[in-house]
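J.: Residue numbers (my numbering), protein chains in the order written: chain A, 1 to 434; chain B, 1001 to 1434.
Keep in mind the hints are simulated off the structure, nothing from the lab. Because the structure is a prediction, the values reported are computed rather than measured. Among these hints, one or two may not hold up.
Examples of chain A residues toward chain B, derived with CB under 7 Å [what the hints assert, rightly or not]:
hint : residue
1    : 43
2    : 53
3    : 321
Covered, in the sense of this in silico footprint (three residues per stretch, anywhere, with C-beta under 8 Å from a C-beta of chain A), are these stretches of chain B [as the list claims (entries may be wrong)]:
hint : segment
4    : 1005-1018
5    : 1041-1047
Cβ atoms here follow ideal geometry from the backbone N, Cα and C, with glycine treated the same way.
Protein chains: 2
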Amino acid sequence: MSARAGIVVTGTEVLTGRVSDRNGPWVAERLLDLGVDVAHITICGDRPDDLTAQLRFLTDEGVDLIVTTGGLGPTADDLTVATVAEFCGRELHLDTDMEVRIADIIRAWQRRRGGDPDSAPMMAGIRKQAMVPAGAHPIPPVGTAPGVVVPAAAAESGRTAIPAILVLPGPPAELRGMWSEAMAAPAVLEALARREELRHATIRAYGLSEADLAETLRTAERTVSGFDELEITTCLRNGEVEIDTRYPHTADTAYTDLAALLVEHHAHQIFSTDGATIDDQIADALSGRLIATAESCTGGLIAARLTDRPGSSAYLVGGVTAYANEIKTALLDVPADLIATHGAVSEQVAVAMAEGAMSRLGADTAVSTTGIAGPGGGSDEKPVGMVCFGVAIAGRPTVTRTRVFPGDRATVRTLATTAALHLLSEILADAADR
Amino acid sequence: MSARAGIVVTGTEVLTGRVSDRNGPWVAERLLDLGVDVAHITICGDRPDDLTAQLRFLTDEGVDLIVTTGGLGPTADDLTVATVAEFCGRELHLDTDMEVRIADIIRAWQRRRGGDPDSAPMMAGIRKQAMVPAGAHPIPPVGTAPGVVVPAAAAESGRTAIPAILVLPGPPAELRGMWSEAMAAPAVLEALARREELRHATIRAYGLSEADLAETLRTAERTVSGFDELEITTCLRNGEVEIDTRYPHTADTAYTDLAALLVEHHAHQIFSTDGATIDDQIADALSGRLIATAESCTGGLIAARLTDRPGSSAYLVGGVTAYANEIKTALLDVPADLIATHGAVSEQVAVAMAEGAMSRLGADTAVSTTGIAGPGGGSDEKPVGMVCFGVAIAGRPTVTRTRVFPGDRATVRTLATTAALHLLSEILADAADR
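Required output: the full structure, derived from the provided sequences and hints.
T.: Written as structure tokens, this is what we have:
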């Protein structure tokens, strides 16, 4: 039996959808990678009673560790530490070392901003953030809010056992920066002692239907020995299917057999068996090349995606968002009469855009999109969701494709961006093979 | 006392962070707008015991309504309806009308895909999706999965009272499409009878620190009569602060007084008191204008954001992502010696990029960015996070600004995009005043 954990996300802005939570799933994934079973994530607003109810629920569920995120700020509505301390029946006391440490951080910040770090409200806020439950282990802050680990407590007369509780701040960068130190705290190590290290592998496919995948998985269930030891999660996202498997090392052969079966059944759709994303693969394939983008309906999303990663300036020279037809002509040399004859949304124009981008931006590779993102602008012949793509590679014939995507404007734009990257990757692989 | 609700999000892919949940916060916001108090959102994987534990938790917390999302598919791991039925002590029975209805939908889909809608696994899946707990009210599907409302049940000997449970599918478009019909179901109306309709208003500010806002709110607490009736959530996102208030109609005057105080204290930072976003305001201000973008470090994000909304082709002619210096010169007419003298990241180059975009793309308005997104490329003089902006408007001097943003590459790019939009909005407002 493995160690179990629950996660409590606090914050009225998360509960009400003002901010989408990035901490719960991140913490869950880290814990799963450590071999900890995560059964529950709960979200509550900044109300002590609701937080206490969730701590009680997870305690009653018998988890070994509770991780809370958020509610560690200097203001009055940040109540996590006090609520956790009360739940555990521990007094709060001032950690004077921590108080000095936070004050130093605030002073450095305030010097740059010109504020007064020694004002009474500021000092009160610092003191609040330096309060630690008795017997707990503070985790130094990355921002200004320290975390804290409250060790587990055995059952006592009139009180059930309480699991270890790890209290971390809400800003994702702070939480992530404090994670390693938190995982190394003795009370956390002890709580997770029973964890079973699991392997984690990801296979990615593009253009594979969930129904076809489900059928292959049913076959695997019958034919792969040890299949039961594999915990498989499948997930469809932006036209890609992600097949995520966690398994103990005793199931290595089962996983190898599963992966082989998947590749056998879906060779054309599976593009990655080592966890690499399409973005990783394109970055590799573009090594030594120079690429330019020419976008109409995707409006800059492809360029933004290609420049997401550090070092992309080594291969991305630039791009043109050519929304108006005049821009397609002026900046990408698309002949005006080509647009007049075939329409702006046509394979002919997609080809001319890619070739124009390549020559005008001095690149050896280019990718283009022109389509109808909607909601207006569709016709019987060219419906909303129709997008034409072009991929130009110097010295080779330019490739073009047309696809029709379902969904609203944002969905069409996102699916078209993913499709463009897959087409580009495919053509780059072809070019490398010759 | 208002009606209370809890939300249960099911799905291993959500729990493990493969997919970020879009349903919990959406449902919470709809319920809050109806005047229902939402205390808890819980997330569990596709495990009946964990789902049952969460239903038990919310029942014990005394909510009037539980909304579940997900787990309604045709496959064996989709277990929500059966688990809810067991939790409520109700038998499942086949709703034959619903079975016919789902089969019709599947046949229409399969005809287009060329599959066999009458295959044995397909029929079994349809039958599973048409099972309804005794006494429950089915909600017709938008996709293939019907929802269901199980009415509340009073306490009986040996069993506590059970709240009404509304079961909805996981795909956000299906859930949203079924929401109105679900809210009109008699068992839901009855469960929410005690709800108190609330008003909802949003004020948005840019460049306002949370500390300064907190101080104004403390003043409001002392001076605004009826302040206690206002439920205020503040949230910092991408450099903007959103101040969200829900209140009963009896607190209209209190809200008016609060809004006036906020505007009085933070006139320079508050850009919207009517809920409009910066994107809305820019779309309005660009009416009758033609804008072009010239982006370096933001790599297409500004163009992508401007083309997010339908109808943006009326004012966005296009843009250039000028990553390489040669592109800044070739496509935006930035003199090579200007780059050599001042560096690519400089106000001089930002100005030349905006002016070049305006003239080369035939626009009357342009916005530009050039900066160091990181993690590499910084120096003492020009640190990582430094971004220069330009806004050109025909017939007026081009405006430039420099800012240094904290955070990682993605954060710098996002903050720079937001900053560019605010600078653009400010300059457009100035131009409209003259």
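J.: Go through the numbered hints given earlier and state which of them the structure violates, listing their numbers in rising order.
T.: none
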